[in-house]
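Keeping their order, the protein sequence lines are chains A and B.
Quick note, the working numbering runs 2 ahead of the 1-based positions in the first sequence.
Quick note, the working numbering runs 1119 ahead of the 1-based positions in the second sequence.
Some clues are possibly wrong.
Derived lysine-lysine pairs resembling DSS-like cross-links, with alpha carbons at most 30 Å apart [to be verified]: (1) Lys-173/A with Lys-1301/B; (2) Lys-32/A with Lys-1227/B; (3) Lys-1301/B with Lys-1227/B; (4) Lys-1208/B with Lys-211/A; (5) Lys-1209/B with Lys-120/A.
For the record, the hints were derived by calculation from the structure and aren't laboratory data.
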Amino acid sequence: MNLRYLFLLAGFVFTFPVFGQLERKLASEKQDVDLIFHAPRHINLLTVEPLDKKALHFAIMHTFGTLDGGIQELWGLDNGANIQFSFEYALSDKFSLGAARQGLDKVYNIYGRYHLLKQTQDNQMPFSLSLMGGAAVNTSNYEFLQNDAPDFIERTSYAFQVMAARKFNEKLSVQISPMLAYFVDPNPIFFIEGDQNLYLALGFSGKYKVTGKSSLTLQWIPNLNNDLRNNVGFGIDLEAGGHVFQMYFVTSQFLNEQYLLAGGNGTLGDEFRIGFNVNRIFATGRKKRMQ
Amino acid sequence: MKRLLILALTMNFLMLPVETFAQAFKTESGTVEFLSKASLNEFTGVSNTLNGLVDLDKNMFDFFIDLNTIKTGIGLRDKHMRENYLETKKFPFAEFTGKIDALPNLTKGQSQNVTAKGKFKIHGVEREISVPGKLTMVSENEMKLEAKFKVMLSDYNIDIPTVVFYELSEEQVVTIEAILKKK
Chain A
3 MNLRYLFLLA GFVFTFPVFG QLERKLASEK QDVDLIFHAP RHINLLTVEP
53 LDKKALHFAI MHTFGTLDGG IQELWGLDNG ANIQFSFEYA LSDKFSLGAA
103 RQGLDKVYNI YGRYHLLKQT QDNQMPFSLS LMGGAAVNTS NYEFLQNDAP
153 DFIERTSYAF QVMAARKFNE KLSVQISPML AYFVDPNPIF FIEGDQNLYL
203 ALGFSGKYKV TGKSSLTLQW IPNLNNDLRN NVGFGIDLEA GGHVFQMYFV
253 TSQFLNEQYL LAGGNGTLGD EFRIGFNVNR IFATGRKKRM Q
Chain B
1120 MKRLLILALT MNFLMLPVET FAQAFKTESG TVEFLSKASL NEFTGVSNTL
1170 NGLVDLDKNM FDFFIDLNTI KTGIGLRDKH MRENYLETKK FPFAEFTGKI
1220 DALPNLTKGQ SQNVTAKGKF KIHGVEREIS VPGKLTMVSE NEMKLEAKFK
1270 VMLSDYNIDI PTVVFYELSE EQVVTIEAIL KKK
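Here chain B stands alone, though its shape is the one from the complex (with noise of 0.2 Å):
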């Protein structure tokens, strides 16, 4: 029994992170934004909160927003947005979890070109994507994250309304900006 404690706990300490020389970068308060161009109107869904992780070391791209921050300017707009086209009661969360072809290594001041792959899913539906983004070294434990994608709605099953004022354009482009500090 003694063996089988020293097994577990030593297979604890084995598969923990090692975070003390570990490249790393984290945030809580990246910016998204998502913009609407239709033929008849034009919006903007903003939200401050997106999650991320960037570890280098294990070349690890992990972000997340809560769907429920995003705001587009009108509270009726946001409600049928959670309630009939996002379903955040049932799918919270947009995600991508990936990692970039080329390991970047920036001092202070440097930015480089990135292209990460990894599983997006949002709406309940998870799709392998490709975003070219820019990796920029802003101080010693800075970084910076800018990246921009399309996602088309279709491709998640949210479906798009025929009759809508305020027209929702089938392709959606996805801007992110966040500063990541080192851990």
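Next comes chain A alone, as it looks inside the complex (with noise of 0.2 Å):
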């Protein structure tokens, strides 16, 4: 009884083509997942978000006062900011290079991000793959130091990360990052917390999409080899045609990747600041159109 269903069956599913329509097929099915996250920073981390070749990423950051201060400070906008720009600019569509200044310390980075393997949406990969090393100087004025002032190779410090991204769905995405950052001379002058050369840290960075166009975003910034307070944060991405806005609660000022490290945190709640990133990625060099 059973195999008399099964021959029909078999009628209709072979003739299935009598209806004469083409079979609608993918182009490519391993096509990257696109958008893990809607920029190459998130709140102070950077991301496995790519850019296209010739395009060039340009980052303005904040961080104000903690947020003790009150109304009289205005939740720490009183307290002056500290401002990182950074410009990177994309080589080919695997690797880009980048040059920030810090306005805390003065600190002038140049760094690179390689990304190795892409999350597609076959699942094949199952996550996306960067690398990023950079070399930083402080340029403070350290004059009135005379003798003891440190010389420029002690003034250079270097940051290593890997960071390992998967979109897990529309809404969400995880980011973990080992990052590891090392001063030549954990000089006190600096405004950086820690003593010690070398910083290991785990980066996690979650973003949880609310609307098409803004998500909240996530970050926690464990230390691993040492006592310094662990890095909080957490906002909103809000995404405006080629403008991506990042606003943020965060426990540290600073924006560098290695002072984010050595830099220090203040504790949950009262010192929290308030911070702010702009970033804009100017398509220079557009592909000629094909005819």
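Fit the two chains together into the complex; they arrive one by one in their own frames, and the hints show the way.
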């Protein structure tokens, strides 16, 4: 009895093309997953989000004073901002070079990002993986220290991190970033709290999409080899065409990767700071459209 | 049981399309271009992977395109287009299935204006549309199809952003050009 249905079914299945339509097929099953994060930056951390070849990413980032001043200090906005400008230019779809300057300690940082793996929609590659390395120099004026002033090498610091991220569904993306920072001379005159050379930490970044163009964001950077407080941040990302605005509360005033790990953090609550990033991507060297 | 088997097989054969004498033309590399002409900005998106079937015996026009293949020249804009507007993960195809008003009887070198009526589907919304176009017999085995029609984004529940630097037009002009080869 069941066999009868089987044959009938077979009859219909095999004759499906009678309706004559073409089979709807994707041009490529290996389509990359788009926009795991809204921008190459997410609160304070760099992400796996690549730039297209010849695209220029400009970010201006601010953190203000701590919230505990209350309305008298306009929740820290009166205390002046630490500002970092960064420009990152993509030499290829996989590799980009950047330069950033942080206001505190007048730090210039040169860095590169390389995108090793890209998450694909068919899940053959379940996550994206990128590497970042950077070298920075503190250019503050320490002449008043006379002979004790740090020399060029003593002013340098280095950062290295691996970013592994996955977009779990249309709403949730998570990135884990093992991070390392090295200060040649963790001089107490610098704006850092740590006194060791090497800092290890694990960065966690989370994004939860609320609407098509806005997401709630989260950042947590537990330190692995020191007693400094851990960095905690949360906020919101808003996409407005070519700009991504990122507003957040964070425990650190630092924006440079090395200082994020060595700089120390305020306590949760009272010592949160308001932070604000603007990301903009300029598409230079547009591809000529095919005719 | 045997009778059923025979019945099923016969049905199979009866329902199989007769391809031998069919006047059917196919392509997998037609060109689709859309033009967005807003007050502040004008841009086009192009794909060369239009799949199409024109069957003159059955009077069937069937076309589809993988929207992921459309390029506008700016990578980030493509990503936003896929993720926020077309939502290609949910709705990867734009498709049209319909018939034309008058079947052409063309010989080499001749062309004829036709109007195709049928269902156009994009972003999960299906609508009945009418598309004016032109068929040209390029050679014995090749037919050229040209068509142009307008798509209003709001008809297909595609929201237009109010604050977008590359301003997007509500009205998209879609141009199709394809050389179809006899199957």
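For each hint, the structure was consulted:
no. : hint                       : verdict
1   : Lys-173/A with Lys-1301/B  : violated (45 Å)
2   : Lys-32/A with Lys-1227/B   : violated (41 Å)
3   : Lys-1301/B with Lys-1227/B : holds (13 Å)
4   : Lys-1208/B with Lys-211/A  : holds (16 Å)
5   : Lys-1209/B with Lys-120/A  : holds (20 Å)
Against the hints set out earlier in the document, violations occur for numbers 1, 2.
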